[in-house]
Amino acid sequence: MMLQAAPNPLMKVENLVVEYSVGGKTIHAVSDVSLEIARGETLGLVGESGCGKSTLGRAVLQLRQAVSGKVLFDGHDLTTLKGEALRQMRRRVQLIFQDPIASLNPRRRIGDIVAEPLVIAGVKDPDERRRRVAEVLSAVGLDPTLVSGRLPHEFSGGQCQRICIARSLVLNPEFVICDEPVSALDVSIRAQILNLLEEMKARYGLTLLFIAHDLAVVKAVSDRVAVMYLGRLCEVGPSEQLFARPAHPYTALLIEAIPVPDPDVRPTQSVPVGEPPSPIAPPSGCRFRTRCPRADARCASEVPELRLVATGQFAACHHPLI
Amino acid sequence: MSSALLSVENAVVDLPTPRGNLRAVDHVDLAVGAGRTLGIVGESGCGKTMLSRAVLQLLPKKAKLSGRVMFDGQDLTTLSAEKLRKLRGRSLAVVFQDPMTSLNPVLTIGTQLIETIQEHLELDLAEARQRSIELLAAVGIPAPEQRLAQYPHQLSGGMRQRVAIAVALSCEPKLLIADEPTTALDVTIQAQILDLLAREQQRRHMAMIIITHDLGVVAGRTDEVAVMYAGRVVERAPTPALFKQMRMPYTEALLAALPKLDVAPHTPLPAISGRPPDPTRPLKGCSFSPRCRYSAGRCASEKPQLCSAETPEHLYACFHPIAARVGA
Numbered sequence: 002m003m004l005q006a007a008p009n010p011l012m013k014v015e016n017l018v019v020e021y022s023v024g025g026k027t028i029h030a031v032s033d034v035s036l037e038i039a040r041g042e043t044l045g046l047v048g049e050s051g052c053g054k055s056t057l058g059r060a061v062l063q064l065r066q067a068v069s070g071k072v073l074f075d076g077h078d079l080t081t082l083k084g085e086a087l088r089q090m091r092r093r094v095q096l097i098f099q100d101p102i103a104s105l106n107p108r109r110r111i112g113d114i115v116a117e118p119l120v121i122a123g124v125k126d127p128d129e130r131r132r133r134v135a136e137v138l139s140a141v142g143l144d145p146t147l148v149s150g151r152l153p154h155e156f157s158g159g160q161c162q163r164i165c166i167a168r169s170l171v172l173n174p175e176f177v178i179c180d181e182p183v184s185a186l187d188v189s190i191r192a193q194i195l196n197l198l199e200e201m202k203a204r205y206g207l208t209l210l211f212i213a214h215d216l217a218v219v220k221a222v223s224d225r226v227a228v229m230y231l232g233r234l235c236e237v238g239p240s241e242q243l244f245a246r247p248a249h250p251y252t253a254l255l256i257e258a259i260p261v262p263d264p265d266v267r268p269t270q271s272v273p274v275g276e277p278p279s280p281i282a283p284p285s286g287c288r289f290r291t292r293c294p295r296a297d298a299r300c301a302s303e304v305p306e307l308r309l310v311a312t313g314q315f316a317a318c319h320h321p322l323i
Numbered sequence: 015m016s017s018a019l020l021s022v023e024n025a026v027v028d029l030p031t032p033r034g035n036l037r038a039v040d041h042v043d044l045a046v047g048a049g050r051t052l053g054i055v056g057e058s059g060c061g062k063t064m065l066s067r068a069v070l071q072l073l074p075k076k077a078k079l080s081g082r083v084m085f086d087g088q089d090l091t092t093l094s095a096e097k098l099r100k101l102r103g104r105s106l107a108v109v110f111q112d113p114m115t116s117l118n119p120v121l122t123i124g125t126q127l128i129e130t131i132q133e134h135l136e137l138d139l140a141e142a143r144q145r146s147i148e149l150l151a152a153v154g155i156p157a158p159e160q161r162l163a164q165y166p167h168q169l170s171g172g173m174r175q176r177v178a179i180a181v182a183l184s185c186e187p188k189l190l191i192a193d194e195p196t197t198a199l200d201v202t203i204q205a206q207i208l209d210l211l212a213r214e215q216q217r218r219h220m221a222m223i224i225i226t227h228d229l230g231v232v233a234g235r236t237d238e239v240a241v242m243y244a245g246r247v248v249e250r251a252p253t254p255a256l257f258k259q260m261r262m263p264y265t266e267a268l269l270a271a272l273p274k275l276d277v278a279p280h281t282p283l284p285a286i287s288g289r290p291p292d293p294t295r296p297l298k299g300c301s302f303s304p305r306c307r308y309s310a311g312r313c314a315s316e317k318p319q320l321c322s323a324e325t326p327e328h329l330y331a332c333f334h335p336i337a338a339r340v341g342a
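Going down the list, the protein sequences come from chains X and E.
Residue numbers for the first sequence follow the numbering used here, beginning at 2 and rising by one.
Residue numbers for the second sequence follow the numbering used here, beginning at 15 and rising by one.
Think of the hints as simulated: they come from the structure by calculation, not from any bench.
Please read all numbers here as calculations on a predicted model, not as lab measurements.
Glycine is no exception: its CB is placed at the ideal position from the N, C-alpha and C atoms.
Errors might be hidden in some of the hints.
[Unchecked claim] Distance windows between CB atoms, simulated: (1) P119(E) with I323(X): 37 to 47 Å; (2) P278(X) with P119(E): 17 to 27 Å; (3) E155(X) with P304(E): 12 to 22 Å; (4) P8(X) with V120(E): 57 to 67 Å; (5) A103(X) with E327(E): 37 to 47 Å; (6) M114(E) with L322(X): 27 to 37 Å; (7) P278(X) with D86(E): 39 to 49 Å; (8) L322(X) with V26(E): 48 to 58 Å; (9) G142(X) with K274(E): 18 to 28 Å; (10) L322(X) with R307(E): 33 to 43 Å; (11) A151(E) with L147(X): 57 to 67 Å; (12) Q160(E) with T27(X): 18 to 28 Å.
Please model the complete structure; the sequences and the hints are all you need to start from.
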């Protein structure tokens with residue numbers, strides 16, 4: 002499969018499979034997903050709830066064990082690392098969560114929360130820790146002398162997300178996974194945090210995996226976008242190209258479903274496409290076929306592989322739109 | 015305004031908190047005519063949900079409401095609990111954000127529908143059951159007869175919201191209040207639910223209030239929009255007029271801050287700096303002035319009142335409305 006983003010990608014996911022067992026049944030959360038993320042790139046990962054996008058993010062970090070497949074970070078397969086070796090590698094990969102308030106221990110002071118990764122990483126000198134904490138807090142737009150001694154409940158959701166971002170940056174990581182970092186925030190705050198993530202990416206030379214359900218949010222920050230449905234990748238391609246000319250019917254459906262803030266754009270009557278099937282018993286062949294207007298017999302029997310449909314754009318569909 | 019089905023007049027909602035009085039709704043006037051749709055847009059904490067609770071007379075016990083809520087010729091603030099109970103569910107219905115919390119998890123879908131119908135309409139069990147099946151079919155639930163025996167947890171989020179809408183529609187309400195009806199749902203499901211609400215609203219000639227934080231949701235689906243900020247309505251206009259020419263800088267900034275699909279990646283978003291004021295510490299002037307890029311002169315010291323622009327229907331509360339600026 003030609004999914005080459007760059008000759009030497011920082012993160013490479015190969016044929017990753019993640020399954021959960023719930024009440025004796027198997028949930029196929031991530032099925033045979035391969036991805037590459039080049040150094041300095043932002044890859045957006047979109048899909049609806051339950052499509053496996055968060056599980057994929059966690060499996061990359063080894064917070065969720067994969068059934069099979071590889072996660073190659075800078076050439077090292079994280080799925081085979083254990084103990085101290087994995088801990089060392091994790092310093093270079095950080096995670097930002099959706100709910101910033103729930104991600105902060107309500108009883109600890111901001112200065113300690115942000116310093117915690119340094120403590121775990123073995124930075125013994127308290128002055129050094131203080132210096133680093135002050136640096137990242139200033140970078141995210143907070144005054145270290147004012148906020149370090151305060152508790153999380155004294156801050157708004159947007160400020161808590163700034164604190165979470167500061168904490169994720171304190172170890173100078175190379176790769177940050179942002180899992181729905183703005184979906185709990187109001188519109189006016191969301192724009193601030195998205196701009197901040199872009200600034201931090203430039204300032205610290207980060208590579209990002211940006212997971213979200215909102216296509217417009219993903220497009221705002223991503224170089225390339227991967228669309229996921231029921232555990233499989235439907236389409237991967239450069240952001241602008243993918244949104245201008247989607248090849249996979251599911252990508253097209255997602256784009257069409259976004260409410261446009263313009264009363265002259267009459268909402269297109271939603272196609273009666275029903276709801277996603279259960280990941281416990283995903284449909285045979287193409288998993289989107291039960292909601293797809295183009296589906297035929299072949300879609301039920303044959304799993305579509307990701308194929309090149311345009312420069313840099315891949316779609317897993319037997320009847321692509323382009 | 016006397017012809018309106020619902021009119022909220024000078025509503026004020028105060029909530030006592032340990033940090034002092036919180037004015038959740040600050041002198042709001044609104045009206046909805048029969049068969050019309052009103053969108054109330056605002057960010058969390060702007061008072062939009064408290065306002066809808068005031069209409070429904072479902073405010074928290076500690077809350078104090080002043081002003082009038084006229085619905086169908088009666089002032090709801092003066093009605094007895096018994097009369098209100100008869101009214102809610104019958105002619106005044108509501109759909110909440112999270113269908114799991116509005117449906118009873120230990121009762122079947124059928125029981126909940128039939129109970130609501132029999133409470134308000136004089137139908138026997140067989141008739142109520144038949145009506146329930148029709149309602150479930152109308153809201154797009156496949157195999158409605160079998161669904162009657164199912165519990166809410168056996169349905170997906172989208173299906174649950176359809177059931178909640180079926181319950182709300184069951185007694186042919188005159189006004190349906192939908193409070194963030196699609197926020198908990200995925201985008202492909204959201205479009206279907208919004209279409210369903212629009213279709214039923216038209217078919218039943220029912221008035222509807224959609225409360226949302228998403229300007230995109232109200233744009234194509236409402237007759238009128240009210241934008242709320244810090245407890246007040248700061249702009250109100252017929253939907254096409256509002257989107258054609260926003261007058262209040264907050265409305266404009268809110269729209270500008272939305273990421274848009276037709277903008278190239280990595281374009282910095284025009285964010286609104288700062289955050290909404292602490293509702294327990296009301297500002298003397300315009301609540302948006304500390305974050306407003308047009309703020310000048312009396313904005314910080316004097317509260318702008320809602321006033322009309324070229325057309326009497328377009329109201330805004332701003333001393334420096336957009337397009338009235340010189341040289342802009």
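Check: In ascending order, which of the hints set out earlier in this document are inconsistent with the structure?
Finding: none
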